[in-house]
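In case you want the letters, here they are:
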Amino acid sequence: MSFQSAAKVTLKDAQLRRNIGKATTLIREKRLRAVAEVPDWEPLRDAGEAIKAHTMATLPEQLEKLEAAVTAAGGVVHWARDGAEANAIVASIAKRVGTDEVIKVKSLATDEIEMNEALEAEGIHALETDLAELIVQLNPEDKQSHILVPAIHRNRAEIRTLFEQTIAQGQSLGNEASAIAEAARLHLRNKFLTVPMAVSGANFGIAETGTIGVVESEGNGRMCLTMPRVLVTLMGIEKVLPAWQDLEVFLQLLPRSSTAERMNPYTSLWTGVRPGDGPQEFHLILLDGGRTNVLADEVGRAALHCIRCSACLNVCPVYERVGGQAYESVYPGPIGAILTPQLNGLGSAPSLPWASSLCGACYEVCPVKIDIPSILIHLRGRVVREEKSRLTPEALAMKGMAAAFSTRRRYEAAQRLAKLGRGPIVKAALPGWTAMRDLPEPPKETFRDWWKREHGEG
Amino acid sequence: MSTAKADILARVRGALGPSPVVPEIPRTYRLAGTLVRDAAVVDLFCETVSEYKATVHRVAESALPDKVRAILGEGLRVGVPAGFRDLGLPVIEDRGLSVAELDELDAVVTGSALAIADTGTIVLVSGENSGRRALTLVPDHHVCLVAASSVVPSVPDAIAALGPDAPITLVSGPSATSDIELDRVEGVHGPRRLDVVVFG
Numbered sequence: 001m002s003f004q005s006a007a008k009v010t011l012k013d014a015q016l017r018r019n020i021g022k023a024t025t026l027i028r029e030k031r032l033r034a035v036a037e038v039p040d041w042e043p044l045r046d047a048g049e050a051i052k053a054h055t056m057a058t059l060p061e062q063l064e065k066l067e068a069a070v071t072a073a074g075g076v077v078h079w080a081r082d083g084a085e086a087n088a089i090v091a092s093i094a095k096r097v098g099t100d101e102v103i104k105v106k107s108l109a110t111d112e113i114e115m116n117e118a119l120e121a122e123g124i125h126a127l128e129t130d131l132a133e134l135i136v137q138l139n140p141e142d143k144q145s146h147i148l149v150p151a152i153h154r155n156r157a158e159i160r161t162l163f164e165q166t167i168a169q170g171q172s173l174g175n176e177a178s179a180i181a182e183a184a185r186l187h188l189r190n191k192f193l194t195v196p197m198a199v200s201g202a203n204f205g206i207a208e209t210g211t212i213g214v215v216e217s218e219g220n221g222r223m224c225l226t227m228p229r230v231l232v233t234l235m236g237i238e239k240v241l242p243a244w245q246d247l248e249v250f251l252q253l254l255p256r257s258s259t260a261e262r263m264n265p266y267t268s269l270w271t272g273v274r275p276g277d278g279p280q281e282f283h284l285i286l287l288d289g290g291r292t293n294v295l296a297d298e299v300g301r302a303a304l305h306c307i308r309c310s311a312c313l314n315v316c317p318v319y320e321r322v323g324g325q326a327y328e329s330v331y332p333g334p335i336g337a338i339l340t341p342q343l344n345g346l347g348s349a350p351s352l353p354w355a356s357s358l359c360g361a362c363y364e365v366c367p368v369k370i371d372i373p374s375i376l377i378h379l380r381g382r383v384v385r386e387e388k389s390r391l392t393p394e395a396l397a398m399k400g401m402a403a404a405f406s407t408r409r410r411y412e413a414a415q416r417l418a419k420l421g422r423g424p425i426v427k428a429a430l431p432g433w434t435a436m437r438d439l440p441e442p443p444k445e446t447f448r449d450w451w452k453r454e455h456g457e458g
Numbered sequence: 001m002s003t004a005k006a007d008i009l010a011r012v013r014g015a016l017g018p019s020p021v022v023p024e025i026p027r028t029y030r031l032a033g034t035l036v037r038d039a040a041v042v043d044l045f046c047e048t049v050s051e052y053k054a055t056v057h058r059v060a061e062s063a064l065p066d067k068v069r070a071i072l073g074e075g076l077r078v079g080v081p082a083g084f085r086d087l088g089l090p091v092i093e094d095r096g097l098s099v100a101e102l103d104e105l106d107a108v109v110t111g112s113a114l115a116i117a118d119t120g121t122i123v124l125v126s127g128e129n130s131g132r133r134a135l136t137l138v139p140d141h142h143v144c145l146v147a148a149s150s151v152v153p154s155v156p157d158a159i160a161a162l163g164p165d166a167p168i169t170l171v172s173g174p175s176a177t178s179d180i181e182l183d184r185v186e187g188v189h190g191p192r193r194l195d196v197v198v199f200g
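Those sequence lines, one after another, are chains A and B. full-length UniProt numbering numbers the first residue of the first sequence as 1 and each following residue consecutively. full-length UniProt numbering numbers the first residue of the second sequence as 1 and each following residue consecutively.
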């Protein structure tokens with residue numbers, strides 16, 4: 001389904017619009033306050049942007065350094081060209097460990113490659129431990145709608161009802177959000193303490209030291225990263241950072257941009273394996289999964305700089321109204337509109353670059369200054385050039401225009417023709433064009449005709 | 001070299017072309033050492049950490065045991081890292097406690113490596129002062145001791161003072177979630193109660 005068609009469906013859901021509107025309004029105001037108290041916010045953004053661009057330009061070197069450092073610290077590094085390879089690596093580790101269940105920290109990379117479904121097909125249940133992921137997973141008909149808060153389309157009362165029907169059957173949770181959090185705590189506690197293997201994503205991987213970082217709030221991340229015997233981390237190749245010092249930039253940019261806090265409750269940083277503390281077996285899977293295709297586009301590659309803060313979703317007037325599900329993509333909102341078509345191929349999501357009013361709010365809040373509007377326009381051009389048939393009425397019309405403008409004689413002839421028949425011809429050939437646009441009536445006399453009449457041939 | 005690795009690196013090199021432009025990184029933000037480290041920094045830390053709904057206590061070092069006893073009361077099973085400073089109360093030292101034994105602790109008292117005033121963050125570095133990671137994670141109540149002299153002004157100050165040798169946990173308030181209507185709610189999987197005792 002195109003974005004425009006999917007949006008028509010979600011726009012009719014008044015509850016969804018209210019829930020998302022309420023949450024994004026709150027977070028927008030909080031983000032402004034969190035950013036305003038940092039006097040060097042703009043220099044931090046400049047550094048963040050440059051670190052990412054620097055990393056991309058030196059990516060082979062950074063990845064090889066990361067692999068060497070992780071290996072030296074007792075970890076095992078795997079490389080996966082695509083999701084199927086990554087999923088097969090995780091499944092084979094789980095089978096060797098002998099577990100039919102793994103606990104998971106929220107990870108967009110694993111969502112991208114549909115790891116839960118792939119593991120399920122191998123008889124391994126992947127249990128989501130992030131509260132919002134759990135909310136989505138408990139309702140088989142639900143889907144994620146936000147990068148940071150996948151259940152943002154659900155309000156407190158809906159979550160309470162869902163929990164009372166699933167993990168807290170027979171209980172009355174009341175209206176306090178803390179009771180909902182408590183139900184999740186009780187439900188997952190025993191799993192954290194007994195399941196032998198966890199799967200995580202990564203916010204950063206430091207090439208210089210081999211250190212991996214996960215930023216989170218609830219402590220489910222700490223549980224997964226600390227308690228099981230075996231830890232597998234899936235990391236997109238673009239998440240590498242060159243130096244330890246780079247952490248000081250991103251640990252300031254990310255929390256204030258995402259949950260609008262000075263700092264998120266928990267950040268875990270670990271390097272390989274530490275005897276007597278945490279998992280004694282650590283695997284890092286470096287995933288391409290379309291990222292090298294994004295890198296090949298000199299304009300579009302900046303989409304790989306994204307640190308998944310979701311600030312662009314929260315300020316986007318289109319996202320706020322249609323919700324995340326209309327994007328039919330793991331990455332919704334402005335960043336999804338530029339990332340998904342590039343990661344999965346333009347043909348997979350050709351309408352997403354149009355899921356924007358180009359107002360530019362996303363660029364203003366982006367902590368690494370990704371120029372999303374310019375990339376959207378660039379991708380629109382690519383979709384028209386590469387994906388649409390040369391025989392569509394729109395493409396033919398554009399070709400005709402190019403011919404008409406090529407000589408003065410043709411241009412004048414075309415103007416005369418237009419005066420006679422533009423309305424009916426355009427309406428018949430491009431019915432979609434006039435569905436939401438008024439077609440101006442051609443003037444009775446062109447400027448050229450008027451000039452000739454007043455001044456004679458010139 | 002695995003085939004997948006060779007393929008991915010070849011694709012990356014192909015995508016970048018023969019001579020990619022490598023931009024310089026402007027570090028004009030406030031670097032480590034930019035901000036003054038005075039008493040006001042400790043005050044700021046106490047303020048920012050209390051805004052996360054952690055309870056902050058400020059005492060002289062000599063009053064530390066009394067304060068910890070006052071926070072914990074009597075009759076609790078209190079864990080500490082092996083060889084931890086004497087708190088004048090019965091404790092269970094973590095000399096390889098099992099998961100079940102950790103789960104039976106009512107509270108844990110540990111030190112910390114340093115703290116960040118700007119963000120109200122405590123930095124735990126796996127080792128004899130902060131304990132191993134599971135010790136400050138499984139019990140529901142964490143009493144964390146922070147030496148006033150270890151409070152640094154900013155995140156860059158902290159990163160400059162840390163390194164990759166041991167696992168690090170940055171803690172900013174008790175366990176919380178923003179998953180319900182994007183509002184912060186305290187108390188999910190990590191310790192739901194955090195007492196921060198700033199001493200010295």
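In case anyone wonders, no lab produced these hints; they're calculated from the structure. Since we're looking at a predicted model, the values are computed, not measured. Every residue, glycine too, gets a C-beta built ideally from N, C-alpha and C. Treat the hints loosely; a few may be bogus.
Unchecked claim - Chain B stretches covered by chain A per the calculated footprint, using a threshold of three residues with CB under 8 Å from any CB of chain A:
{"hint": "1", "segment": "28-36"}
{"hint": "2", "segment": "69-80"}
{"hint": "3", "segment": "167-178"}
**Message:** Output the indices of the hints that this structure fails to meet, ascending.
**Reply:** 2
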